[in-house]
Each structure stands twice: as structure tokens, then as C-alpha cells.
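Between the sequences and the hints, there should be enough to build the whole structure, so can you do that?
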Amino acid sequence: MQETTVAMSRTESARRDADPSGPQGAAVDNAVSVRCVSKTFGSVEALKNLSLDFPRGELTSLLGPSGCGKTTLLKIIAGLLEPSSGRVEVGGEAVTGPGPDRAFVFQDFALLPWASVLRNVAFGLELRGMAKSEREAIAEKHICEVGLAGFEHSYPHQLSGGMRQRVGLARALAVDADVLLMDEPFSAVDEQTRRKFQEDLLDLVRNERKTFIFVTHSIEEAVYVSDQIAILLPRPSRVSEIIRPSGFRDKGADNLRRDPEYLDIVDSIWASLRSYVE
Amino acid sequence: MTLLGFRLPGFSSLILWALLWELVGRLDLTFFVPPLSEVVVTLVQILPTPAFLSALGETAQAFLLGVLAAVLAGVPLGILMGRNRLLDELLLPWVNIFLSAPLTALVPVLMVLFGFGMLSIVITTTLFAIWIIILNARAGVLQINRSLVEMAKSFGASPFDAFFKIYFWAALPEILGGVRIGIIRAVKGVIIGQLLISVVGFGALFELYSTNFLMAHFWAVLIVLFALAFAISELLAHLERRVAYYAARR
Ligand SMILES: Nc1ncnc2c1ncn2[C@@H]1O[C@H](COP(=O)(O)OP(=O)(O)O)[C@@H](O)[C@H]1O
Ligand SMILES: [Mg+2]
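Heads up: the protein sequence lines correspond to chains A and B, in order. For the first sequence, our numbering assigns the number 1 to the initial residue and increments by one for each residue that follows. For the second sequence, our numbering assigns the number 1001 to the initial residue and increments by one for each residue that follows.
I should point out that these hints are in silico values taken from the structure, not numbers from a laboratory. Nothing here was measured: the structure is a model prediction, and the numbers come from that model. All C-beta atoms, glycine included, are put in the ideal place defined by N, C-alpha and C. Any given hint could be a false lead.
Dumping the calculated BS3-like pairs for lysine-lysine here, alpha-carbon to alpha-carbon at most 30 Å [said to hold, decoys possible]:
id: 1; chain 1: B; residue 1: LYS1165; chain 2: A; residue 2: LYS132
id: 2; chain 1: A; residue 1: LYS75; chain 2: B; residue 2: LYS1188
id: 3; chain 1: B; residue 1: LYS1188; chain 2: A; residue 2: LYS210
id: 4; chain 1: A; residue 1: LYS141; chain 2: A; residue 2: LYS210
id: 5; chain 1: A; residue 1: LYS141; chain 2: B; residue 2: LYS1165
Here are some chain A residues pointing at chain B (derived, C-beta under 7 Å) [claimed, not checked]:
id: 6; residue: ALA78
id: 7; residue: LEU80
id: 8; residue: ALA94
id: 9; residue: PHE104
id: 10; residue: PHE106
id: 11; residue: ASP108
id: 12; residue: PRO113
id: 13; residue: TRP114
id: 14; residue: GLY124
id: 15; residue: LEU127
id: 16; residue: GLY129
This is the structure we're talking about:
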């Protein structure tokens, strides 16, 4: 994988100054590392020899055009798909299947339509065999946390898209996994809700010492929320570039859109992606 | 239905047909159709008789056992067929053949195999009900949202959990639809079985009434059977409506 481009080195060094023991230091603590993973579906080569590290406690975005294998990579990390070759390690252990150290937030929410919000949020804990009263207490806490207090006994079809994704998020938070895998979680919600979600996501990154792996196809979103952006390109489907934007979170969403540094980064990412769109 | 601006309750049209029946009966056109009032009087008379009650009891027992067997075997089998390609290819042709086969023709064979009694009737009932139950459970599983299954797996669901917490519920609207049609077919099965074997339950009663030309008795029993079948079907339709809130949104 090629490392950061010249345009990026500025933000890169800025980060290192601020945090000398940061992820670029000698002993990098990676929550997840993907080693030479390939995945083929019949004749379709979804991933080819992909390697990527996800530093603990950081938010890494997977950015790329649709069909480039982002969901496939996420599902391999989740243990839902087996790689054709290569290996994935989570917390130093090789992944052989789904595990309690990872929780998935689905693009289409994947809520049980026959179950209330409360049961949906508690579902991960239910599968782990936790007693009803205990898991419902935990679920209620997370329902409040994502701003759905009062909707515990509603059903998914009574909620808006944004609220449903909050349920999906609360369910993932309830199992208290170290790694949160989020597959375009905001793609099915409207723009206002999306902005609010981004703020909430950043609060989570700050407050919960969790590792977030976040799939998006929005360059602006990736630059705003990420510690690290991995740009995936199709054919061969692997990481073409890693970018570490820094400091944008603290500037606030409103000022950001006029910030020259931010615009530079967005432009350069757009430049690398454009060659594929054209 | 409205008449002269008044909203008529459901089943109003039944009154019309009842009047027509009464009229035809009174005209004395054929011994086969006694007036409805006579049938109703007979119905009230025979309901508490031991002959009727034991026939009802035997029929109910055969029916319930047959339906229970069809549901307990059919639903899991349908779900498994929906999940397992090999099993599906092995069994689907047979299910389809039996679904449309004239099962009545099989009853004599069943009598030879299982004797002239209850067991043959129960098996006939099961054979009438089970195929549509299998097919519907299978269809319910096939339309399941894949990401629900992945969600359950990602949170550590065992195959057992996936079966009872995801597949079953996701397929429930189709399963109930299949059970409802299956039960309607089972009513046919239990009656046809009894008629052909004709030593138990209503079969024996029908035999008795028709050889003695007791047409009012005959119709009375028939009305009871129709009413029971209709009530069961309505009950299941009600259950189906209770899961309808998510049937369209899976
Ligand atoms: N189960 C599958 N069977 C066959 N091809 C698949 C399957 N899943 C994904 N693919 C193919 O792999 C490629 C990557 O898919 P995906 O990971 O969903 O991309 P993304 O999430 O980046 O849009 C696509 O070309 C897609 O058609
Ligand atoms: Mg995708």
C-alpha cells in the first residue's frame, strides 16, 4: 500500500506534534489488523491482497465507490464472511467467526420487525443468554443515550429511518464490544439527521474507548469524522491510500466547510477517486 | 352492504339464502331438501344426544391430532427446505405432487395399511393438511431478509437461536396462512376419511341418517360441520391479522 501523499503530510505531521505517542509511533496498538486478505465471489474479485490496520480507540473510515468491496471487508472483519485467503486479527487473535468483541451496525438497520425497540436493542444480550431484567436495564440506558427515550415500546415500522438507525446503533452499543463495524449507517437517513448523527458519532468516539470502522461514500463525512481514512479502489480492490486528517472535528461542522485545509484534503481525495469515476 | 341507506351487518346475505332454503323446503319439491326450520329444530334436538356428542368428540380428536401432526412436521420441514438447497431439491417435487394429488384415492390404501379406525382417519387428515403448510413455511423462509440472519449471526446466534428467533418469526405470516388453508383442507380430510371408513364419528352418523332417509338430521350435522370449519378458519384469519403489522415490512 502506498503511504500518504505529499498533500497529506502536513496534517500528518500536525497530528504527530500534538500526540507523539500516537498511532504512528513505534508501538502501535491496533485493535484490528487485516493481513493480505483476498475475497472472490465466483469470478468477481471483491478484494485483492488487502492489508490495513485499525488503531485502537480511533475511527477509521473506509471510503470508496460502491462495489469496491467495503461491505465485503467489513463482513470479513465481523466474521460473517470467510476470506478466500489472508487473515484478520482482532485484539491479536485471528478471527474465525463472529465474536463478542465486535458489533455490527447495518446499512438497512436489520431490526426485528416483530419486536419492540426495547427487545431489538436487547437482542444481542438476549442471544448471549443474559437474564431479561438485566438486559432490559442495559438496553434502556442505551435507548436513552441515543435519544429514543419514550420509544421503548414502539415497533420499528412506527419509527423514521433515522430513529431506526439509532435503534441499530443502540443495539450495537448495548453489547459493549471493543470494535464497532458500521456499514454506511447514515446513507438511508436525510441530510439534517445525518449531520446530527455525525455529531453524535464524534461524541461516541470521544467518550467510549472503542474502535470504530465506518464505511461511507461521502468524502466530506469521512474527512470530518475520521482519524484515519482508507481509500479503497476497485480492480484491484485494495487500499490505494491512507489519509490521516486531524483537528477537523474540533473546528465544528459549520466553520469546516470554509476551512482551506479541509477543502484541500477533500479535493485531493476527490482527485484520487475521480480517475475511477471517469 | 347497504340497503336503502342502512348499513347491513355482515352475513345479511345469509338471511336471504336461508329464506330461499325455507321456501324450497316448504314447496316440498324434493325429500332431499326439508325446510330450514325443520333442520334447525332437528339440530337442536340431536345436539345433546350421545350419538352426536361422541361423533363430534371422535371427529374433533382425529382432526386435532391430524392437524397437530401436520403443523409439527410441516412447519419445521418447510423451514428446513427453505434453508437447505439439497433437501429442497429432494423434497419439493413430492410436496408439489401431493399438494395437487387426489388424496381421496389414497384413503383405501391407508385403510389397508393402518386399519379401519382412528389411525387411518388421523393420517388422512394430516395428508390433506401438511403439503400446503410445508410450501408456505418454505416460501416464508425464502423471502426472509438476509441481513436479519446476518445480524443474528454477528451477535453470536446459534443455529438453534436463528431458527426460533429469526426464521420462525420472519416466516410466521406465511406459516399462519399455510396453517389456515391446511386446516380447511384438514376438515375435508377428516370428513372424507370418516365417510370412506364410515364406522367412526360423523361417518357412522351420515351412514345411519342417509340409509334411513333422515334428511333433516343429515343437513343438521352438515350445518354443524360447516359452522365449525368456518369458525376455525376465522380464528386463524384473526391470528394472521395480528402479525400483519410486520408482514408487509420485513
Ligand atoms: N455474496 C456475493 N456474491 C457475489 N458477488 C458479491 C457478493 N457480495 C458482494 N459481491 C460483489 O463484490 C463486490 C464488492 O461488493 P461490496 O463489498 O458490497 O461493495 P461496496 O460495499 O463497496 O459497495 C461487488 O462487485 C459485488 O457485486
Ligand atoms: Mg456496501
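Verification of the hints:
1. B:LYS1165 with A:LYS132: 15 Å, holds
2. A:LYS75 with B:LYS1188: 50 Å, violated
3. B:LYS1188 with A:LYS210: 61 Å, violated
4. A:LYS141 with A:LYS210: 18 Å, holds
5. A:LYS141 with B:LYS1165: 24 Å, holds
6. ALA78: Holds: closest Cβ of chain B sits about 5 Å from ALA78 of chain A, inside 7 Å.
7. LEU80: For LEU80 of chain A, the interface hint holds, since the closest Cβ of chain B sits about 5 Å away, which is under 7 Å.
8. ALA94: 17 Å, violated
9. PHE104: Holds, because the Cβ-Cβ distance from PHE104 of chain A to chain B comes to roughly 4 Å (cut-off 7 Å).
10. PHE106: Interface hint status for PHE106 of chain A: holds (5 Å vs cutoff 7 Å).
11. ASP108: With Cβ-Cβ at 5 Å, under 7 Å, it holds.
12. PRO113: Check passed: Cβ of PRO113 of chain A comes within 4 Å of chain B, closer than 7 Å.
13. TRP114: 5 Å, holds
14. GLY124: Holds, because the Cβ-Cβ distance from GLY124 of chain A to chain B comes to roughly 4 Å (cut-off 7 Å).
15. LEU127: 5 Å, holds
16. GLY129: Violated, about 10 Å.
Checked against the numbered hints given earlier, the structure breaks hints 2, 3, 8 and 16 and satisfies all the rest.
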